[in-house]
Each structure stands twice: as C-alpha cells, then as structure tokens.
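Asker: Chain by chain, the residues:
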Amino acid sequence: MRTVAIVLSLMVLPTGAAAHGSAATMQGFYSGLVHPLVEAEQALSLVALALLGAQLPKTAHQRSFVTLVGGLIAGLGIGLIAGGAEGSEGLRFIVLTVGVLAGGATAAALGSRFDALWVLGLPAGLGLGLLTAPEAGTALALAITIGGSLLGLGLVWVYASAVGAWAWHHASLKALPIAVRVVASWIAAICLLMLALAFAP
Amino acid sequence: MSEPTTSPAQSGRLLAQTTGLVWIVMWVAILLTTPAFAHSGGEGFGGGFVSGFLHPIFGWDHVLAMVAVGLWGAFLGAPAIWLLPVAFPLMMAIGGALGVLGVPVPAVEQGIAASSIVLGILIALAARLPLVVALIIVAAFAIFHGHAHGTELPDATNAIAYSIGFVIATGLLHLGGIVFGLLTARPAGAIAVRGAGAAIAVAGAGFLTGYL
Numbered sequence: 000m001r002t003v004a005i006v007l008s009l010m011v012l013p014t015g016a017a018a019h020g021s022a023a024t025m026q027g028f029y030s031g032l033v034h035p036l037v038e039a040e041q042a043l044s045l046v047a048l049a050l051l052g053a054q055l056p057k058t059a060h061q062r063s064f065v066t067l068v069g070g071l072i073a074g075l076g077i078g079l080i081a082g083g084a085e086g087s088e089g090l091r092f093i094v095l096t097v098g099v100l101a102g103g104a105t106a107a108a109l110g111s112r113f114d115a116l117w118v119l120g121l122p123a124g125l126g127l128g129l130l131t132a133p134e135a136g137t138a139l140a141l142a143i144t145i146g147g148s149l150l151g152l153g154l155v156w157v158y159a160s161a162v163g164a165w166a167w168h169h170a171s172l173k174a175l176p177i178a179v180r181v182v183a184s185w186i187a188a189i190c191l192l193m194l195a196l197a198f199a200p
Numbered sequence: 015m016s017e018p019t020t021s022p023a024q025s026g027r028l029l030a031q032t033t034g035l036v037w038i039v040m041w042v043a044i045l046l047t048t049p050a051f052a053h054s055g056g057e058g059f060g061g062g063f064v065s066g067f068l069h070p071i072f073g074w075d076h077v078l079a080m081v082a083v084g085l086w087g088a089f090l091g092a093p094a095i096w097l098l099p100v101a102f103p104l105m106m107a108i109g110g111a112l113g114v115l116g117v118p119v120p121a122v123e124q125g126i127a128a129s130s131i132v133l134g135i136l137i138a139l140a141a142r143l144p145l146v147v148a149l150i151i152v153a154a155f156a157i158f159h160g161h162a163h164g165t166e167l168p169d170a171t172n173a174i175a176y177s178i179g180f181v182i183a184t185g186l187l188h189l190g191g192i193v194f195g196l197l198t199a200r201p202a203g204a205i206a207v208r209g210a211g212a213a214i215a216v217a218g219a220g221f222l223t224g225y226l
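As they're listed, the protein sequences go chains A and B. With our numbering, letter number 194 in the first sequence gets 193, and the count goes up by one each step, no holes. If you want our numbering, it's the 1-based position in the second sequence plus 14.
This is chain B alone, in the form it adopts within the complex (with noise of 0.2 Å):
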C-alpha cells in the first residue's frame, strides 16, 4: 500500500485525455450503433437498446463494481488505468456467453457481491498490486458479473441491441469511475475517493447479506 504518486500536472492532462477519450468514444458507440438501428426499424432495436444501457446502470450492485474498477484503475495508475477497462468486458462476455449457454458458475451473487466488498477495501486502502494480480482479480470477478446478465440476456427485447448497449453502459462506467479516480492526484480527492471506497465495501456487505 502507498499514497498514489501522480502530480497534479500529470492528473491534469490525464483528465484532459479522459475527457477526450470519452467523447471519442462516445462518438464510435453511436456511429457502430446507428447503422443497426436503421436495419431493424427502430423500436425493437431501439427498445433493446435501451433496455441493455439501463440495466447496468439501474442494478446498484453492478454500478458500483463498474466504478470500482475504474477507481482503482486511477489509483494503480498507467498502464493498469487502462488495461482494467480493456479486460473487463472481454472477460464479462465470456462470462455472459456461459451465462447464456447454460453453463453453470457457482455463487454468482456472492462473487457480484464480493466483487464490490473487495474492490472497495482495495480503494480504501489505496492499494497498488502488481498489474497481474490486478488484472487477475478483475477478470475473475466480471465473470459473475457477465454470467449474471447473460442468464438474463434471451429474455431481452432484442439480444443484439441489449447486447450492444449493455456493454457500452458498461464501458461508460468504468470510464466515469476513472474521471472521478482522477481526483486522486489532489490530497481531498485522494480523501473522497478512498472514502468512496469505503462506501463501495459496506453497500457490497450489504449486498452480501441481504439487508440492500
């Protein structure tokens, strides 16, 4: 454990390319999506869509492991800011077409869970693991989370647009998670975030045993 080493100059431009980022690829989601709705005449697609956007946003338990990983992100600093966005939803496809496929993965609202419980004691903490270890608890725990939605993805009013916009969604919450993370190369932010943290470890407690 030690305190993130980023400067305020370096966190600056950081959160100028974040910001950046997110319009690019903002931009790129609406441009891969536009052509899709054009084939499928709008509401079923549209529908799909929306319904796939929402449903990570509206589960508190998936926004809060979302954000954490973008948190976290933040405190490892590059390139991990990065790879544990990019490893995220490979992983929680994969874990989504088990899902999807039928194929059982033991205590899935345990490990979703659990995932917050850990992530926010690792934030609180300002923990900075190695990037494997990093990436390897990361993986692991978007596996719950993509077998989770995917056991629910067939039931979606379109598959493909639930699909696309579920992981969009997805992305964007990580993305936001390292905006905020970015906080951190200030003393009260780096104050907030790990208190945020905390936050993210108590309602994934209370996840676990039922009282949220």
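Just chain A, with the same shape it has in the complex (with noise of 0.2 Å):
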C-alpha cells in the first residue's frame, strides 16, 4: 500500500508542474520520462532488479524500493551539485554490474532465500540517479525533467516488479515463475557481455 502511494504521488507530482510549464519543459519532463527506458544498459538493469525485488520476501521488496528510490534521489542531487555525470564509464560499470548480480541472482532463485539483496538497490539507485541528473536549465525545468527520471524509472521498477511478483508468487501457471528465471538469466547474460564490451581492451 505504501509503495502504491509513493507511485501515485510520483505520478500525480510531475505531471500536475507539466500541465501548467511551456513546450520547453514538458519536453523536459518527456526526456526524463522515458530516458530509462531508451538506454538499454539502464532499462534492462532496473528490470533485473525489479524481477529479484519480486522473488524478496515482501518486507524486503520493499526495502528494495525504498533503497532505489532513495539512491535514485541522491544520485540525482549530487548529479544536479556535481554538473551531470552522462555517459560516466564508471557509472555504466555500477548500473551493468547490478543487472549481472540481480539478474544472476533471480535466475539462481537466491531471491526467496537471501532477503539481504535489496541493498542493491542502493548502487543501482545511485548510478541510475548520475547517469539521468539533467545537467542545464532553470529551477523548474530541472525540477520537471527530474520528476520525469523519477516517474519513469519508478514505473519501469513497479510495472516489471508487479508482473515477476504476479508470476512468482501467484501464477497458477508453473511455467510463469520459471519464465521469470529464464528472463532473469537473459538480462544477466546480456549485461555481462555489454560489461566485457565496455571495457574490452
């Protein structure tokens, strides 16, 4: 109930600043939105950690979002104090190490077994958080273009989150919690090898 709430929030936020800004700024918004979404290392990442949050016990499912969202928040202010931090290697390094650990995870099912995995929630919520900080505008525009980032990594994480929780815990279909595995699996493969790519010599 309480992460329905902090997303609606999210949700209702932004879009009520957007409603009211120029062409410039919703652009913003519309930037930030989708910005999780159109990088492949970030989007693919967040699913992965969405798909362990929906194996955690529902304690720790929440403190998964609650750990992304705080480190999204911090990375996303010291971006914004430090000047941005777009296309950081280092960066890409944290985000795709996250979705080779989450997706690893998910797939060997250590979900439902290590509650403690939703610290990383904290080095994906952080690296995410840099790598989406706008890096120019005015107060509102940077404030609309974060709400965006915000509203579009939370509903990535909530809608992939929902959909493995759903197949995970109350699928009657026994295939659904294996599918989960096997696109964990796929993410993690896939990360690992654009990891080997970014820093092959």
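Keep in mind that the hints were calculated from the coordinates and are not lab data. Here the structure is a predicted model, which is why all the values come from computation and not from measurement. Be a bit skeptical, because a hint or two may be false.
To be verified - Just the calculated beta-carbon pair ranges, DEER-fashion:
(1) A:Phe-113 <-> B:Pro-93: 11 to 21 Å
(2) B:Ala-92 <-> A:Trp-165: 15 to 25 Å
(3) A:Tyr-29 <-> B:Ile-205: 23 to 33 Å
(4) A:Ala-197 <-> B:Ala-154: 49 to 59 Å
Virtual Cβ for every residue (Gly too), placed ideally from N, Cα, C.
Two chains, two separate frames, one set of hints: put the complex together.
Answerer: Structure follows, in structure tokens:
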C-alpha cells in the first residue's frame, strides 16, 4: 500500500507541474520519463532489479524499492550539484554490474533465500540517478525533468516488479516462475556481455 | 541410463506450458528490445540485433549444441529441463566476456565440437545423470560457445544489439529443443529424439574432424 502511495505521488506531482509549463519544460519531462527506457543498460538493470525484488519476501521487496528511490534521489541530487555524469564509464560499470548480479541472483532463485539482496537497490539507484541527472536549466525545468526521470524509473520498476511478483508468487501456471528465471538469466547474460564490451581493451 | 518416466498426460501439460512459456519469453524479448530500437535510430541497432540473432542460428555447430541442451533437459525431466537453459546463457556470457576481454581459453573449437558429440551421445543413450553433473557438463560447454562468440562480438554492427539478439536466439533454440524433446513421452517420439541425439553426435564428430 505504501509503495502504491509513493508511486501515485510521483505520478501526480510532475504531471501537475508539466500541465502549467511551456513546451520546452514538457519536453524535459518527457525526456526524463523515457530516458530509462531508451538506454538499454539502464532498462535491463532496472528490470533485473525489479524481478529480483519480486522474488524477495514482502519486507525486503519494499526495502528494495525504498532503497532504489533513495539512491535515485541522492544520485540526481549529486548529479545536479556536480554537473551531471551522463556517459560516465564508471557509472555504466556500476549499473551493468547490478544488472548481472540481480539477474544472476534471480535466475538462481536466490531472492527467496537471501533477504539482504535488497541492498542492490542502493548502488542501482545512485548509478541511475547520476546517469539521468540533467545538466543545466532553470530550477523549474530541472525539477520537471527530474520528476519525469523519477516517474519513468519508478514505473519501469513497478511494472516489472508487479509482473514478476505475480508470476513468482501468485500465478497458477507453474511455467511462469521459470519464465521469470529464464528472462533474468538472459538479462544477466546480456549485461555481462555489455560489461565486457564496455571495458574491452 | 533408463527410459524417460514422463507420462503422456504430464507430457501434454508440459508441452502446453512450454508453448505458453515460449510466447511469454518472446513477448518479453520484444518488449525489452523495442525501447533500445527507438533510441538507436533503427538501422544500426536493428542490424546488430539481426546479426546477433542470426549468428547462432546460421552456425550449425552452435545450433546443434543449443538444441541438444533442450533435448537432454527434456530427457532429464524437471527441474533440469528448465535449469539447463537458465544456466547455459549465464555461463555462455562468462565465456563471451572472456573472449571479448582477450582471455585465452584452450581448444575452443574442439570444445564446441565435443559439446555436440557428448550431448548427442547422452541423448542417444537417454542418460539421466544427476542434476549437478548435468549442470557442470552444460556449463563447461557453454563457456566454449560463449568464448567463440565473444571473440567476434566487437566487430558486430552494434555490439549491444548483437549481444541482445545473440542471447535471445540462444534461448529460443533451447526452447525449440525442449519442445521437440517433450516427444519423449511417447515411444515413437523417444526413438525420434534419441535418433536426433545420435545424429547430433555424428555431426559433432564431423565438426571435430573437419568433414563438416
């Protein structure tokens, strides 16, 4: 319930601000909204993290989301102060490593055995926040873009996590939890290959 | 070694579930890749994706090994039928990463050919090895396959798209093998699957000796 309230708040706040903004600020909002969807490594890592969250017990699942959002806000804040870090190889390394670890843990069904895996939300949130932090603009434009980014990242996580949790805990079809593990193993494999390619000599 | 114990009713349920799983995984794959297409402007990403997707499909040594993993999983039954295709891409990616990073792995081509021979023989004999042993065998061969692909990855049109297409194609080949392998519940189907295993082993010998 608390998760739903947080997500609804994120959905309402930036939309209201965008409704009174100019075309440029709206563009910033949509740019922030779709950013996690159009960057393959960010989208894959986020989905892997969400699927891992779906395997975790309820409390750890909630902690995973809160930690991710906390990391995102911290990352966005640091990015704003430091001037943004889009394209940073170090941050790509962190985000992809989270994708490998979260995907691999989900594929091995470790989420139901190790509650502490929720901590992966923190490095993921920090990395994604720093990578999506806007570099320049007015305070209003920055706030709207950040709102869009938070909404986009939150929606990807919530949708993927909800589908994963339904498949893992509630679906009557036994193949669905296996499908979650298969998809997670693919994501981990892709992230690992991306990681190697990004740092190939 | 023993005959498969899956009943026709169980096989039917497994087949229905597997077909559903194939659709689910394909939709997820499409959903996962579409945003990246949008970002990359189409041709570059599309070219890399298609190149990666077709690479394992047009390499017979890889196709036979991937399908063999699914076939053997079907003979082993649950949970191996699902765990082998979960483990293979992960280990293949580790091998791929080693290849990309230039870490040498000895006898890669021989290992790939041996994977067809060994898996083909295990299918032909309907060998039901312990799950841990099966995982170790499949994981070891996956490293060879991954390394071979990894050395080719940097030359791809779009390396990230290539990786995504490659992993998805590999997974779908496993699923194809699993669906075919579910025929083992019927006597004639079991003979067909074991025959396919023998053919895979012979083809592997052909790869090893250079005749294929």
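Asker: Evaluate each hint against the coordinates.
Answerer: Checked hints:
Checked against the hint of 11 to 21 Å, the C-beta distance between Phe-113 (chain A) and Pro-93 (chain B) comes to roughly 20 Å, which is consistent with it. Here the CB-CB span from Ala-92 (chain B) to Trp-165 (chain A) is close to 22 Å, well matched to the stated 15 to 25 Å. Evaluation of the 23 to 33 Å hint for Tyr-29 (chain A) and Ile-205 (chain B) yields a failure: the beta carbon distance comes to about 59 Å. Restraint check, Ala-197 (chain A) to Ala-154 (chain B): a C-beta distance of roughly 26 Å breaks the suggested window 49 to 59 Å.
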